[in-house]
Each structure stands twice: as structure tokens, then as C-alpha cells.
Amino acid sequence: MLQSQLFIPTLKEVPNDAVVTSHVYMLRGGYIRALGAGIYSFLPLGYKVVKKICEIIREEMDAIGGQEFHLPALNPREIWEETGRVEAFGDTMFHVKNRDYVLAPTHEEIITYHARKVVNSYKELPQIWYQIQTKFRNEPRPRSGVIRGRQFLMKDSYSMDTSYETLDKSYLLHDEAYRKIFGRCGLKFFVVGASSGAMGGTGSEEFMVQSPAGEDTVAHCEPCGYAANVEVAISVIPSVRREPVSKDLYDISTPNVKSIDELCQFLNINERQTAKSRVYFANESPVLVLMSGNDEVNETKLEKAIGSGIRPAHPEELKDISGADAGSIGPIGFKGKIIADLRLKGGNNLISGANKNDFHTGGIDLERDVKNLEFADLRTVEAGESCPNCSKPLQVFTAIELGHIFKLGTKYSDSMGANYIDETGGEHPIVMGSYGIGVERVMACFIEQSHDEKGMIWSKALAPYHIHLLGLNLKKEHLLEASTQIYNQLKNAGFSVLFDDRIDAQAGVKFNDADLLGMPVQIIAGERKLAENKVEVKVRKTGERFDVEIISLNSFISGLLEKL
RNA sequence: CGGGGUGUGGCUCAGCCCGGUAGAGCGCCUGGUUCGGGACCAGGAGGCCGGAGGUUCGAAUCCUCUCACCCCGACCA
1 MLQSQLFIPT LKEVPNDAVV TSHVYMLRGG YIRALGAGIY SFLPLGYKVV KKICEIIREE
61 MDAIGGQEFH LPALNPREIW EETGRVEAFG DTMFHVKNRD YVLAPTHEEI ITYHARKVVN
121 SYKELPQIWY QIQTKFRNEP RPRSGVIRGR QFLMKDSYSM DTSYETLDKS YLLHDEAYRK
181 IFGRCGLKFF VVGASSGAMG GTGSEEFMVQ SPAGEDTVAH CEPCGYAANV EVAISVIPSV
241 RREPVSKDLY DISTPNVKSI DELCQFLNIN ERQTAKSRVY FANESPVLVL MSGNDEVNET
301 KLEKAIGSGI RPAHPEELKD ISGADAGSIG PIGFKGKIIA DLRLKGGNNL ISGANKNDFH
361 TGGIDLERDV KNLEFADLRT VEAGESCPNC SKPLQVFTAI ELGHIFKLGT KYSDSMGANY
421 IDETGGEHPI VMGSYGIGVE RVMACFIEQS HDEKGMIWSK ALAPYHIHLL GLNLKKEHLL
481 EASTQIYNQL KNAGFSVLFD DRIDAQAGVK FNDADLLGMP VQIIAGERKL AENKVEVKVR
541 KTGERFDVEI ISLNSFISGL LEKL
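Numbering-wise (this note's numbering), the first sequence opens with residue 1 and increments by one.
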């Protein structure tokens, strides 16, 4: 392709709206342009990458027996009423104003609708139906460029089985296909077991990649593969020390000491000798949550332990409940439920708030002094703590969800009446699974993982073109001729090549654009090398450069691409 | 939805506090010089300053309302 004929509006400066790397480079490289918050147009280069990702997905889905559908984005609302998801999605679902339609945020209902009309017998199962299409969600806050948009491309597939045993097979097929897809795309990913949330069902896994643009915080152990959202992640840590003798309770005057750090500094003690208090409300009654030192309360775990929704107490409520303000609250004398983190189990000689301002209580022995104290895992895992599986240190970082696979079970087939007849004539709901991949996220995540200060660095699998041929100084006719000849030579040999044939762009401009656009191999045809019948070949990723005879260029490039 | 920020030529931004003929750099067009890491010289085009209303002799600038976009949070299949 001649670059002079391709629409690639590159930007030298960082557009004001872009913050995350992938967004910046996609914009600067002329891959995408914004149309509104969370709405993007894909320009020719960007769309080429999207199509490559789709093709990889298609191949792997077809390989497990998937059949591609093309489904409407415009859906009659009443179909969504059948499963109650109009209400479930709420404001996230787009509603059409002048007709009773919604814009599909996903397609379980539509698949199930067709299945109930078409699938009758166990003989017709299992099935895997998939689609790669635009979905619409009225995100309250689109962000990070293409990573969270109001309209986005998603591969969604749906499995239909006669039993949970065969569902497991379909699920496993997808699990394997997903590993292949993300592997082929060149992504470094990991898998998190997750609760299936509002999708319903019995099991699910998230495919994730580490990224500062991520929206989820996860704990990950690379050696053994343990990975969990930090909301539920666990780690192995030492409990607080129990000293041989429990002191009596005593008050300590601690004027203006509010935080654990201040307390430790004031008394010159270790944070493990302290118990931090946090007050929450559960069902309108106060609950004191005791944590060791500065450990963070994990509200997800707390809700689970208490068994109901919680909210933090407002600062102005604290004094009524405990007699003190935040910073001086503690378990001794606290009227109401108290729950402590497991790390504090057995702890004695602890220091905590005295429930009167500017005082702390020392010598607390939780077993002795706090009756009916419950313990639960309430803390948030921190980096460096030991993996619960293999004891190696855990990493904690943010990550982006690329794909999610669910065992749906019969949630949709039940509510929509999608049944099949078994061997004995009995009627049963179809057992379903659903499996999504965010296509643009694959692109964005790849860039997040593969870039440098100059621009993107594509892998062979996703690159819009494998080779970027830069003709330099093309105002000189003999140089234009020579580099055009090289272009034709490569093109005729079947290489995927973008030829920067712009007549008046300077060398520096071409170099910088090429690094920004990120094709894996650059071929630089400059005057000096051409005079020796040579060109320079540069590997984008490593910066390695080779002088190559034009006659042997084809085989050299083949060999090089083989290795990339 | 709460908090913060920003809207001025295609892009990045200055000007706003303290009202008085709308600016710079990059990009674009013309001519010339350069020609392997975003070059230089000369000339040129392009903006009713997000929108509406108000105050004023006069508003990019002050006031009110509104819209859009970005960031943090809430939410998130």
C-alpha cells in the first residue's frame, strides 16, 4: 500500500483528551478518532488491526465448532422484559425514543429467543453460536479511550447443551480457545476465577492483562498462576504476636493522635501492637471492625462476613455511637457488634482507641476483654504477601478484563422457555454458557503491553502491515524509482508492506511516523545504501539494524519475519 | 450521580484575575534553500473565543444558565 494514498492523520503532539498510553498512540498514529465520549471511529489503519483480531477469534471459534451469526443491534424491548433485564441493566441500557426498541448491550436474550424457536430435540445439541458485533452500553463514565466505551465491538458466543456435564465441555473448549486467541495476539494474560455476578450461573473465569489503565485490582502469583480480584484475594501472613503475660487494661493520654502512624510514632511501637477501629452500619446498627495496624478494611469481605449490606458510619455519627471521634475509637466499652480481622486472633497487649477523645487503651487482650468477638478475613491483600497456593510473594496490580467466560446454566432458557426434548420425551431447559471478548480491548491492551517512548510496537499477528518501507529523499527521481522498485519486489513476493512514498516528507518525519505506527520491520531506502545496492532493515522492537543487499532482501525479510 | 478541571484556527496552548482592534508554536498553502531522526528563509490562508441570556458605550475577559469533553470517586455484564 502506498502511504501517500492511505489516510493516516498522525499527530505530533498528545491530544488533550488522551491519558492512557494506548489511547494516546491510537490517536497520534491515526488509528482512531473520537466522535463523542466513549464513541470512536476506526480509521483505515485501526480497522485493519481490528479485522486481524476478529480473524484470529473467528479461526479459533470455528475450530471448536462455533457458528457465526449476525444479530440485530436493535431489539424489541419486550424480549428483554422476559428475563427482567431491562430493569437489571437500568440506565446502562440504551432505549430508542420513538419506538419500543432497545440497543443490545449483549445478546443472551436474542440467542435464547432463536433457540426456543429452532432447537427442539437433544439431537440438535450441543451448539455454539457466536457473533462479533457492536454492543451498546450507556456507561456512566466512559474512559481510557477504547477500553471503556459506550459502543464497542464484542465477540460473544453462547453454548447450548443438554446437561451440566456437557456444558463443562463447552466451557472448557472456550477456555482453551481463549488461551489460543490471546496467545496468538501476543498478549501476556492471566486468568482469574470470579463470581459470576449479575450474569447469573455457576462458574466463570476472567481473562485479564496487567495494565496501569486497568479498572480492577488483582493479586497475582506468576509462578503458580494464582490470581484473584483483590476484593476476594487471600494471602498467608503471620498473625499478631501473643505475649506470655497479658497486662491489665490502662489508659494512655494521646493528645491529637489520630492515625495509626501517629500512634506508633508517639508511643514508639510497631503497628502490629495496635488495633485500628472502623465503624460501619449494617441494617442500621453499628458494627465495630477491628483491623491490625494499618490493614485496610475490605468492604466486600466485610459484607460477606456480616451477611448484609454495609455502609461506613458518617463522622458525625461516631461520637453518638462510641463517645469519641475517629482516631480514638476502640473495642473496650463499645456497645454493639464487634468483628475483628483474623490477623488479630489471639492478640494481647494491644493498643486501641479508648472511646474518649485523645485517649487510647493499652493492654487489650481480645480473648479476655472482648466478649463474643467474631473473627473473619476482613483485610485487603497487599503486594509481597505470600501466595495461598505456593507461598511465593504475590504481586498486586491493576488489570483490564479482556474476556469473560460464564456457565449460565438455565437462567435464560428457564425464563424464556427455551427447552429441548430428551430421549424419553421429557422437556428440559437448555443448559447455556456465554463467553465474551472485548475486541478493541485486545487492541488497546496489546499497545499497553507493547510500546516504547516513540510509539506502538506491533506483533506480526496484529500489525496492519508487516513491513514499513521508507523511501527517503524521493524528490530525486532516481531514488523514487529505486525505492518503488523495492516496493514492487516485496509486494510481488507476497509481503504485507506499507510504502512511505510521500515525496516531500523529510527523513526525520518518516522515521518518527514509522516508529509511531509501529510496523514490526522497517526497511529504509536511503541514497547512500542504495548506491551500494543495499537497504537498511530495522527491527522496530529491538532497534537492531542490518544492511542488506537488495537481491537477497526477500529471503532476509522472510527469515526475519519468521523469528518475530 | 458527587468532587475537580478544561472548552480560544486542524493540534498544543497563551490571553481572562485587572473589559478596549484575537495571539504564539506546530500543521496547512505558495516560492526558494535543505535532504538519515519532526530543518530553514520569505510570503499567505484560516478563529463571530462551546452555546444562550445578561451587565456595559464596549465582553474571549464580569454575572446567570446551559452543553460538551477529561480526571478522581460511585457504578460496571
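FYI, nobody ran anything at the bench for these hints, they're computed from the structure. All figures in this text were calculated on a predicted structure; none of them were measured in a lab. One or more of the hints may lead you astray.
What the hints assert, rightly or not - Once the Cα atoms are required to be at most 27 Å apart in a straight line, the calculated DSS-like pairs of lysine-lysine come out as:
1) K247 <-> K135
2) K476 <-> K188
3) K123 <-> K135
4) K180 <-> K48
5) K12 <-> K304
6) K301 <-> K337
7) K169 <-> K48
8) K538 <-> K188
9) K529 <-> K180
10) K48 <-> K460
11) K529 <-> K491
12) K563 <-> K538
13) K476 <-> K529
14) K476 <-> K460
15) K304 <-> K337
Stated by the list, open to error - Using C-beta positions, here's what the derived DEER-type ranges look like:
16) E13 <-> K475: 22 to 28 Å
17) D320 <-> R241: 30 to 36 Å
18) E78 <-> Y47: 32 to 38 Å
19) N16 <-> K475: 46 to 52 Å
20) E284 <-> V118: 49 to 55 Å
Even for Gly, the Cβ is constructed at its ideal location relative to N, Cα and C.
Each hint, compared with the structure:
Under the criterion of a C-alpha separation no larger than 27 Å, the hint pairing K247 with K135 is inconsistent with the structure, at around 63 Å. With a C-alpha separation of about 45 Å, the suggested pairing of K476 with K188 is violated against the 27 Å cut-off. Restraint check for K123 and K135: the C-alpha separation of about 32 Å exceeds 27 Å, so the hint is violated. Between K180 and K48 the alpha-carbon distance is near 21 Å, which keeps this suggested pair within the 27 Å criterion.
At most 27 Å may separate the alpha-carbon atoms for a hinted pair to count; K12 and K304 exceed this at roughly 51 Å. For the hint linking K301 to K337, the alpha-carbon distance of about 16 Å falls within 27 Å, and the restraint holds. Under the criterion of a C-alpha separation no larger than 27 Å, the hint pairing K169 with K48 is inconsistent with the structure, at around 33 Å. For a cut-off of 27 Å, the pair hint linking K538 to K188 stands: about 25 Å separates their Cα positions.
Using a Cα cut-off of 27 Å, the hinted pair K529 and K180 is violated, with the two alpha carbons roughly 41 Å apart. For the suggested pair K48 and K460, the alpha carbons sit about 13 Å apart, so the restraint of at most 27 Å is met. This hinted pair checks out: K529 and K491 have alpha carbons roughly 21 Å apart, not beyond 27 Å. Pair hint K563 plus K538 holds up; C-alpha atoms about 14 Å apart against a cutoff of 27 Å.
For the given pair, K476 sits about 15 Å from K529 by alpha-carbon distance, which is consistent with the 27 Å threshold. Of the supplied pair hints, the one linking K476 and K460 is violated, its CA atoms being roughly 32 Å apart against a limit of 27 Å. Proximity of K304 to K337 is assessed by CA-CA distance (about 15 Å); at most 27 Å being required, the pair is judged to hold. At about 27 Å, the beta-carbon gap between E13 and K475 stays in the expected band of 22 to 28 Å.
Between D320 and R241 the Cβ separation comes to about 35 Å, which falls inside the hinted range of 30 to 36 Å. With their beta carbons about 35 Å apart, E78 and Y47 fall inside the hinted range of 32 to 38 Å. Between N16 and K475 the Cβ separation comes to about 35 Å, which falls outside the hinted range of 46 to 52 Å. The hint said 49 to 55 Å for the Cβ distance between E284 and V118, and at roughly 51 Å that hint holds.
Of the numbered hints stated above, those contradicted by the structure are hints 1, 2, 3, 5, 7, 9, 14, 19, listed in ascending order.
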